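Peer 1: Protein chains in written order, with this note's numbering: chain F, 809 to 1104; chain L, 4 to 222; chain A, 934 to 1036; chain R, 2 to 156.
No lab work stands behind these hints: they were computed from the structure. In this text the structure is predicted, and so the values were computed from the model without any measurement. A portion of the hints provided could be inaccurate.
Covered by chain R, according to a simulated footprint, are these stretches of chain A (three or more residues, beta-carbon under 8 Å) [as the list claims (entries may be wrong)]: (1) 936-942; (2) 984-996; (3) 999-1005.
Calculated from the model, a selection of chain F residues having no Cβ within reach of chain R, i.e. all distances over 12 Å [to be verified]: (4) Ala868; (5) Asn899; (6) Asp906; (7) Pro911; (8) Gly912; (9) Ala926; (10) Gly947; (11) Arg978; (12) Gly979; (13) Arg993.
Pairs of lysine-lysine residues, derived as BS3-like cross-links and limited to a Cα-Cα distance of at most 30 Å, are as follows [to be verified]: (14) Lys98(R) / Lys861(F); (15) Lys44(R) / Lys965(A); (16) Lys965(A) / Lys98(R); (17) Lys145(R) / Lys140(L); (18) Lys948(A) / Lys90(R); (19) Lys104(L) / Lys38(R); (20) Lys970(A) / Lys44(R); (21) Lys98(R) / Lys872(F); (22) Lys1103(F) / Lys62(R); (23) Lys145(R) / Lys948(A); (24) Lys38(R) / Lys140(L); (25) Lys1012(A) / Lys44(R); (26) Lys62(R) / Lys970(A); (27) Lys179(L) / Lys1103(F); (28) Lys145(R) / Lys44(R); (29) Lys1103(F) / Lys965(A); (30) Lys179(L) / Lys1022(F); (31) Lys970(A) / Lys145(R); (32) Lys140(L) / Lys872(F); (33) Lys62(R) / Lys965(A); (34) Lys140(L) / Lys861(F); (35) Lys1022(F) / Lys104(L); (36) Lys98(R) / Lys1103(F); (37) Lys872(F) / Lys62(R); (38) Lys145(R) / Lys38(R).
Even for Gly, the Cβ is constructed at its ideal location relative to N, Cα and C.
As a plain string of letters, each chain reads:
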Amino acid sequence: MKRQYPDWQGPRNRPLEAVRRHLTRVFARAGVFAAGVGLLAAGMASPCCAQSKSPADSIAEYRKMLADDNPAELFEAKGEELWKKARGPKNISLEACDLGKGPGQVAGAFVSLPRYFADTGRVQDLESRLLTCMQVLQGFDAEQIAATPFGKAEQVSLASLVAWIAAQSRGLHFDVPQGRTEERRMYELGKQIFFYRAGPYDFACATCHGDDGKRIRLQELPRLTANPGDGVGFAAWPAYRLSTGELWGMQRRINDCFRQQRFPYPGFGSEVTIALGVYMGVNARGAESIAPALKR
Amino acid sequence: MHNRMICSAAFLLTVGLMTSCANQATKGDADIRSNLDGAMRTSFRTEGIARVERLQQDATNAACSKAQGAPLAEEVSRSIEADNLKSVRMPSDGRFLGNWKEGERLAQNGRGMTWTDSSDQPNANGGNCYNCHQLDKAEVSYGTLGPSLYGYGRLHGVTDPTDPGARAVLENTWTKLYNAKALNACSGMPRFGQAGILDESQLKDLMALLLDPSSPVNQ
Amino acid sequence: MADPMKIRAQAADGKTTVRVLMAHEMETGQRKDPAGKIIPAWYIQQVSAQLNGAIVLTAQWGPSISKNPFLQFTVRGGKAGDRVAISWIDNSGERRSDEATVS
Amino acid sequence: MYSRRAALSRSLQLAALMVAAGILPRLARADSGPYDKAAFEAKSIPDLLKALGAAAPVESKDVTLTAPDIAENGAVVPIGAATTLPDVKRMLVLVEKNPAVLSAIFEISEAVEPVVATRVKMGQTSNVFAVAMLADGRMLFAQKEVKVTLGGCGG
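Modelling step: build the complete structure from the supplied sequences, incorporating the hints.
Peer 2: Rendered as structure tokens:
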């Protein structure tokens, strides 16, 4: 949903002189006369340094202004509470949940997911693994939660849990395992999906994320066929999305990529989404996690 | 610092080993292929206008996907391009250029064809141009997946689009917009005409944005 | 009930910088849901900040303050161990108060 | 305007007294003053000034507005308003092209510096203003144009 603000074709491309005239009119109507307008005009005549900066510099500056106070922290706090609180039909906490490092071991778990779990017999990412724990330990209906739209009900709980769990691996380096046949099969599957072109636009993941230094509009696109660097790409999700004011896990990130790829709808925790997680995660080996990050 | 370098070297080595392991695990293309089809079938569902049938690949997409970014064999490329060229319909009235202002509006519009869009008809779709290309220099928010198109008409020597000498550029540009794969088998650009994303009049407006001497693209 | 705020208060050079993140939708009342129905306005209207129990700053906000609002202000004086309390009330009458210790 | 401000300042003092006397809970209620509905509904800067009963604003180098040149996302635009002037009663943040121009009013007491920051939504590229309202009724401002860029593919 877009905000219903009027579609205004204003000073974005309007010369400064026109902006100045417009402002002068506004303030004149408000009762500002000679002196005020004079000062105003003097101020406007020397528009600040902004124009000499490149858009990329300006965007970097914008991001820096927001970096220190990431609303993802609100989700982290909620996630920690949800992990420790007795909930669900069985009224039990998630503290015995095994994320791959043993029951209740949260630190470092995030940077080695997705991985194979013997109890479910499949490779799981953080979100699908949490669903298993919520079902087995707490008695929630995992299928029902998977079918719940993002941003609603228990999907919000999942997003908060993911934020807190990821934060417990902040600064650690990705090391997604490939020791088991099934993990390697998922990597190969993920790679094929990454390059799979289809839909009315013929897009694949690789269309946007196959090369270095590319952008959509002003958004840099990390190359995901190799380690794109610390805190970039796979190592930057989950993240707080400024556009929706919500916490997005990797499942939602992939879901919205497929939407923009003009593909049909990928199921939450489906094999395709997890395989892509394995492909990106293994490629990102060694990258430092900054998740939960702050994203447009 | 020194430790870190040793670490990195170890990482590289590990990744190298992993890659070769992964390759060994890949017994035959057929196995993986059936696996891929199964995974695609069970993972996606129809949502709104985005139907599961969209996952079907034509020969072009199948070949380019399989190549995984590597160049296709020369003769395969030529054959794909020839097939795609057959789909291209030149403008029915012989006029190539519409209104560049409409073209600019379309170029700015990145919407269309997603499961959150209610219609898949051309009038509901944008051209998505600025997502990947620079056009009007005044627009600072442009993508770089495709080449800059600023100065497109001027740089192609088009000063009068009605001049017969401009015909080749017009036809070539029309073909690129209508079906980019007719000129480059694995182009990343959608086939706007062939796939029914944009209609003839919308394509003409984009043509005008690129080639009209009064378009901001050519200033 | 609304989720807790995140309050950071740091004293340095004779002043205390307070940074607050609040969990709130800040719905403008101008957006429509997928069915085309207007989503009603729901936003924090007033905020107050206290240092050791005394009000030091109040604010009135409109719906154009971003979702999950951020507020930063600087208190003259203040020292480690002082208590900073932030309260808000939204247009539906819901309230939330949280406290932090100056570090 | 003056009477409203006086009333507000009285109510602040009263609230402080009540807190001290233990009448209000330790975490006081946020609504310790009135909410200026008319000001927040103003659609233009002239309407806003009328609603506030404020004097004509004058641009001043003593007021600082911190804002990005380009906002990557109009939903969250960081804005800082500050001044070095004494006797500041209020700091305002305005976005000229928003459906309602006023985003925030900060009541500045003696206990805080006239230095505040928040984040606002911007529907489109617009001029943003930081306004300092002084005890003597003067309105001084700083302004800057913030470009709001369009998002990526798929809208």
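Peer 1: Would you mind marking each hint as holding or not holding in the structure?
Peer 2: Going through the hints against the structure:
Taking a C-beta to C-beta cut-off of 8 Å, the segment 936-942 of chain A contributes 0 residues in contact with chain R, too few for the three needed, and the coverage statement is violated. Evaluation of the coverage hint for the segment 984-996 of chain A: fulfilled, as 12 residues show C-beta separations to chain R shorter than 8 Å, against a requirement of three. Check on the segment 999-1005 of chain A: 6 of its residues sit with their Cβ under 8 Å from a Cβ of chain R, so the three-residue criterion for coverage holds. Residue-level check failed: Ala868(F) sits 10 Å from the nearest beta carbon of chain R, not beyond 12 Å.
Consistency note on Asn899(F): stated as away from chain R, and its beta-carbon is indeed over 12 Å from all of that chain's, at 31 Å minimum. No Cβ of chain R approaches the Cβ of Asp906(F) within 12 Å, the least distance being about 37 Å, so the stated non-interface status holds. Interface exclusion of Pro911(F) from chain R stands, the closest Cβ pair being 39 Å apart, more than 12 Å. The claim that Gly912(F) lies off the interface holds: its Cβ sits roughly 35 Å from the closest Cβ of chain R, which is beyond the 12 Å cut-off.
Every CB of chain R is more than 12 Å from the CB of Ala926(F) (nearest about 39 Å), matching its label as outside the interface. Every C-beta of chain R lies more than 12 Å from that of Gly947(F), the closest at about 37 Å, which supports listing it as non-interface. Listed as outside the interface, Arg978(F) is consistent with that label: its C-beta sits roughly 22 Å from the nearest C-beta of chain R, beyond the 12 Å cut-off. Under the 12 Å C-beta cut-off, the non-interface status given to Gly979(F) relative to chain R holds; the minimum distance is some 25 Å.
At the 12 Å boundary, the C-beta of Arg993(F) stays outside the reach of chain R, the nearest C-beta of that chain being 31 Å off. Proximity of Lys98(R) to Lys861(F) is assessed by CA-CA distance (about 24 Å); at most 30 Å being required, the pair is judged to hold. As the CA atoms of Lys44(R) and Lys965(A) are separated by approximately 20 Å, the hinted pair is consistent with the 30 Å bound. Distance check on the hinted pair: Lys965(A) and Lys98(R) sit about 20 Å apart at the alpha-carbon level, within 30 Å; holds.
Taking the CA atoms of Lys145(R) and Lys140(L), the gap is about 22 Å. The hint holds against a cut of 30 Å. At roughly 19 Å between alpha-carbon atoms, Lys948(A) and Lys90(R) fall within 30 Å of each other, so this suggested pair holds. Between Lys104(L) and Lys38(R), the direct Cα distance comes to roughly 41 Å. Violation of the 30 Å bound is thereby established for this hinted pair. With a CA separation close to 23 Å, the supplied pair Lys970(A) and Lys44(R) stays within the 30 Å bound.
Straight-line distance between C-alpha atoms of Lys98(R) and Lys872(F) comes to about 25 Å, which keeps the hinted pair within the 30 Å bound. Under the criterion of a C-alpha separation no larger than 30 Å, the hint pairing Lys1103(F) with Lys62(R) is inconsistent with the structure, at around 34 Å. With a CA separation close to 28 Å, the supplied pair Lys145(R) and Lys948(A) stays within the 30 Å bound. Between Lys38(R) and Lys140(L) the alpha-carbon distance is near 43 Å, which puts this suggested pair outside the 30 Å criterion.
In summary, the hint linking Lys1012(A) to Lys44(R) is not supported, as the alpha carbons are separated by about 42 Å, beyond the 30 Å threshold. Distance restraint check for Lys62(R) and Lys970(A): the Cα-Cα separation of roughly 45 Å exceeds the 30 Å cut-off, and the hinted pair is therefore not satisfied. Between Lys179(L) and Lys1103(F), the direct Cα distance comes to roughly 34 Å. Violation of the 30 Å bound is thereby established for this hinted pair. Annotation: proposed proximity of Lys145(R) to Lys44(R) holds, straight-line Cα distance about 19 Å (limit 30 Å).
Pair hint Lys1103(F) plus Lys965(A) holds up; C-alpha atoms about 24 Å apart against a cutoff of 30 Å. Pair hint Lys179(L) plus Lys1022(F) holds up; C-alpha atoms about 21 Å apart against a cutoff of 30 Å. A threshold of 30 Å between alpha carbons decides the hint, and for Lys970(A) with Lys145(R) the separation of about 35 Å lies outside it, so the pair is violated. Distance hint between Lys140(L) and Lys872(F) is fulfilled; the C-alpha atoms sit about 26 Å from each other, no more than 30 Å.
Among the hinted pairs, Lys62(R) with Lys965(A) is inconsistent with the structure: their alpha-carbon atoms are about 41 Å apart, more than 30 Å. Straight-line distance between C-alpha atoms of Lys140(L) and Lys861(F) comes to about 16 Å, which keeps the hinted pair within the 30 Å bound. For the hint linking Lys1022(F) to Lys104(L), the alpha-carbon distance of about 27 Å falls within 30 Å, and the restraint holds. For a cut-off of 30 Å, the pair hint linking Lys98(R) to Lys1103(F) stands: about 25 Å separates their Cα positions.
The straight-line distance between the Cα atoms of Lys872(F) and Lys62(R) is roughly 25 Å, inside the 30 Å bound, and the hint therefore holds. Taking the CA atoms of Lys145(R) and Lys38(R), the gap is about 26 Å. The hint holds against a cut of 30 Å.
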